[in-house]
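Using the sequences and the hints given, assemble the complete structure.
Chains as they are written, first to last, in the working numbering: chain A, 18 to 421; chain B, 18 to 421.
Where chains are identical, the list cannot tell them apart; a pair therefore holds if satisfied intra-copy or between any two copies.
Subject to a maximum C-alpha distance of 20 angstroms in a straight line, what follows is the list of computed SDA-like cross-link-like pairs (lysine to any residue):
# : residue 1 : residue 2
1 : Lys359    : Pro138
2 : Lys118    : Ser83
3 : Lys77     : Asp352
4 : Lys42     : Asp334
5 : Lys184    : Ala220
6 : Lys359    : Gly397
7 : Lys77     : Pro353
8 : Lys308    : Leu67
Note that these hints are calculated values from the structure, not bench results.
Protein chains: 2
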Amino acid sequence: MKHALSEASLPRGFRFAGLACGLKKTGALDLAIISSDVPASAAAVFTQNLVVAAPVTISKEHLRASKGRMRAVIVNAGNANCATGASGHAAAWKTVAETAKRLGCTPREILVCSTGVIGVPLAVEKILRSLTKLARNRRPSARSFAELSLAICTTDTRPKTAGASFKMARKRIHMVGCAKGAGMIHPNLATTLAFVVTDAAIAPALLQKTLGDVCSRTFNCISIDGDSSTNDTLAVFANGAAGAPAIRAGSAAHRAFRAALEDVCRSLALQIVADGEGAQRVIEIEVRGAKTEAAARRIAGTVATSLLVKTAFAGGDPNWGRVFAAAGRSGVAFDPARADIKMAGIPVLRRGSPLNFNERVASNRLLAEHVPIVLDLHAGSASARYWTCDLTAEYVRINASYRT
Amino acid sequence: MKHALSEASLPRGFRFAGLACGLKKTGALDLAIISSDVPASAAAVFTQNLVVAAPVTISKEHLRASKGRMRAVIVNAGNANCATGASGHAAAWKTVAETAKRLGCTPREILVCSTGVIGVPLAVEKILRSLTKLARNRRPSARSFAELSLAICTTDTRPKTAGASFKMARKRIHMVGCAKGAGMIHPNLATTLAFVVTDAAIAPALLQKTLGDVCSRTFNCISIDGDSSTNDTLAVFANGAAGAPAIRAGSAAHRAFRAALEDVCRSLALQIVADGEGAQRVIEIEVRGAKTEAAARRIAGTVATSLLVKTAFAGGDPNWGRVFAAAGRSGVAFDPARADIKMAGIPVLRRGSPLNFNERVASNRLLAEHVPIVLDLHAGSASARYWTCDLTAEYVRINASYRT
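Laid out in structure tokens, this is it:
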């Protein structure tokens, strides 16, 4: 679901801005802000990496201290401010404090995010001297939202945005989101930077629970390279500006809200995979017939992170043996003699025995932009999907010289 | 330790042969045999992948049924005979039965190994019609051993051999080994195909235990691409032909034997990493100051399998932040604020804070053939080493078109 931005589809009561403060050597946009005109319910999931960036530490503290009522997100790209010691923590804190002054709120109402290279001191003065202009530039416009979505990018080749809406109590609720990420993508509770804002009214605790549910089926089911970032943050703000009543757990409105959030998050997650460093196509690994959803997800995730699987797809090689071998080392018990595999709709393995298929037809189908792989274990009724991209020589080129 | 082969360094009482039976499209050597003139003590470790090739299933049965007294290994390259259904099992069985006839022993005294593409029916008739010639060609010569070491190769660019010797009861004991593997290398109890033969006398049970010990510090500490093969087999034969008394557990001779076996296995394991598909260099990840050896090995293994780490090394990029980030997602608890990192001898992180270093000097040192990385957690006294190779565009080229 690609979202065409327009003023009408933006949630009310949010303003956005993005500018170039000089952190990216190219001079591209690298500093952005999201703010809500009134305190919004906020929920977020963060990286599970033990090595966490200073802004993640501060954002976690603020989300807790503000009891999920927040005003803004300040974000920079070009430097992750991770493994930067005490001065890195001071830089993130200074950024928050100075932003709060410009917005007239308290520091703990602000989330701070950074993305980029790890272990290089952040030139925080570049951020600080741009904050006044950034705050002044905030607009509730599609153009400003587009600037935000561009400013958070690093090795991304394009911005990623998505939107959804639904009706509740005769009010239309809008939701838009943006995300960045093309490398170091292998989620563990959160991934990358992603922001979703909505004018629904919903309590912080219910928002957090709903976000966790949705995240486990969207952002937590993608992998580009198996590496989890130190800076992952997925945050949702809901400011109630649509004027509809508060969403209650288990209601029809809650189901509609969760479906909208899942649509937005899945769209953003798949856009990230499609823009994976050097990627040509999205591979969807579906495991069916497992005993539990966790088992299905573990197998799907193991296949999705196999270098041999990902390189085979770079060449359109219908090498289903690598899919089978990766499933076999996943740590989940199953009977290989009962397994079926389909690649791009073509049956290649049935009950553990190989089938004849037309290699040329298969290879052509594997060169599509979206390639579905189905592994059926015939052991139960649970299933899971995981999305990854092919691994190309271009991926290596990008990553062999990221810093130099 | 590269082993220079000579007749004098071969263990007594073993014969070898290799020939081309037509499984490799290139016409290269692809069928080989090792035989002991008398029944030898045998020990082996096999892949832990749930999807196992037919020859692995049969070899496991034979090792058990023969109570570790065996005569020969028959091995082919060019086809893994894995996921080939009932006909694949029949093909492996037929190969063993026909080999036993030529050698005048029972089928259960023979190990069978296959390596190559998965899921393609094995053209077993090519093997069967070459067995008489193969058996007749067996020689106790360095040249025959070299043919064996070549015939087991697949995407390897060179054969891998190693040797060691020690004295016991005034007899010199010899040991030689060969291995293959350049892709789908990420061990889990065993890896790849590797064979070691020695003229020491040692009981099968002690040989098996010693092999397990040695394997955990050698073959189980290497990774090329994170994928474990379906066909991994590491087998050791000890035929006692040197005339020395049987080695007893805990004796000085046992320590000498274990040291020799570890020398041979480490040499073969490092030769595999150095010949990793597309690899330019070996990266040695050493984790020090961990609470347990298992924790150290888990962190080292996570760093060694990180795509971002491996691609950075392809470009000689001193991107230590990726090493730190990979350690952080390993699942082992440690305090990042106490960690030190050295890359190629250059301190880059001390107590969690980055150090200034000369990028040009660092980059030059990272372009060496063997690059040591040391991560010290300052949390205990355990350590572990893990070896991997850089990930290059050439790796992708090889694997995007392996079957086609």
